[in-house]
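Put chain B on the given structure of chain A with help from the hints.
Chains as they are written, first to last, in our numbering: chain A, 14 to 129; chain B, 5 to 117.
Don't take every hint at face value.
Here are some chain A residues pointing at chain B (derived, C-beta under 7 Å) [what the hints assert, rightly or not]:
#  : residue
1  : F23
2  : L26
3  : T33
4  : G55
5  : L56
6  : L58
7  : P88
8  : F103
9  : P117
10 : F120
If you only want the chain B side, here are some residues facing chain A, beta carbon under 8 Å, derived [what the hints assert, rightly or not]:
#  : residue
11 : E47
12 : S53
13 : G110
Please keep in mind that the hints were generated in silico from the structure rather than gathered at the bench.
Backbone N, C-alpha and C fix where the C-beta goes; we use that ideal spot for every residue, glycine too.
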Amino acid sequence: NAGVTQTPKFRILKIGQSMTLQCAQDMNHNYMYWYRQDPGMGLKLIYYSVGAGITDKGEVPNGYNVSRSTTEDFPLRLELAAPSQTSVYFCASSYRGGSSYNSPLHFGNGTRLTVT
Amino acid sequence: RKEVEQDPGPFNVPEGATVAFNCTYSNSASQSFFWYRQDCRKEPKLLMSVYSSGNEDGRFTAQLNRASQYISLLIRDSKLSDSATYLCVVNEDSGAGSYQLTFGKGTKLSVIP
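Here chain A stands alone, though its shape is the one from the complex (with noise of 0.2 Å):
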């Protein structure tokens, strides 16, 4: 049981460029999320999906896009890189949605990405 998997640990981007973030979970858990991590900043939602085929933007989703084709992944894409989004990003999961007491959020170990 590997839990939340992201991949890549880490890249550097040009400006414009783009990438796929990926995030797998094997929990079976139907709730999914991307955050990133700014220094010094709380956490911010991107977007989330609450099942397969379901998703919908967070507090800050511009820039970003999302797709939930299977209940394991959960890919985060950029289009055209910028560098204000140069951050770390976290993708998690849970099983019945954080806000539950019982259901916690479970984090991969994050992408920093570095946009230049």
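Same frame as chain A, now just chain B:
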């Protein structure tokens, strides 16, 4: 706008000390509350939920004050391994099923030998 405020610290305390963190939240409709722990350059992990009546887990005690809209975390007999950033996390019931948590910026704790 939902806000969760924490003292960023750092709190530098000697081993064995008792330390307390507070966190305030702006939305009185907030429904559930958590403390997550984040080690340096690692992912956050749930430390404990915060229940209305307060709750304890070993050396850790969490309390909620709805009237004043703050939650607290008390760590007794601090260990070196407690050194981390502690994130206050609040959920607001949006009425349509609630999936969005608001994270504080975190309070950094360093326990010194």
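Comparing the hints with the structure gives:
no.	hint	verdict
1	F23	violated (11 Å)
2	L26	violated (20 Å)
3	T33	violated (20 Å)
4	G55	holds (4 Å)
5	L56	holds (4 Å)
6	L58	holds (6 Å)
7	P88	violated (18 Å)
8	F103	holds (6 Å)
9	P117	holds (4 Å)
10	F120	holds (4 Å)
11	E47	holds (4 Å)
12	S53	holds (5 Å)
13	G110	holds (7 Å)
Violated hints for the displayed structure, listed by number in ascending order: 1, 2, 3 and 7.
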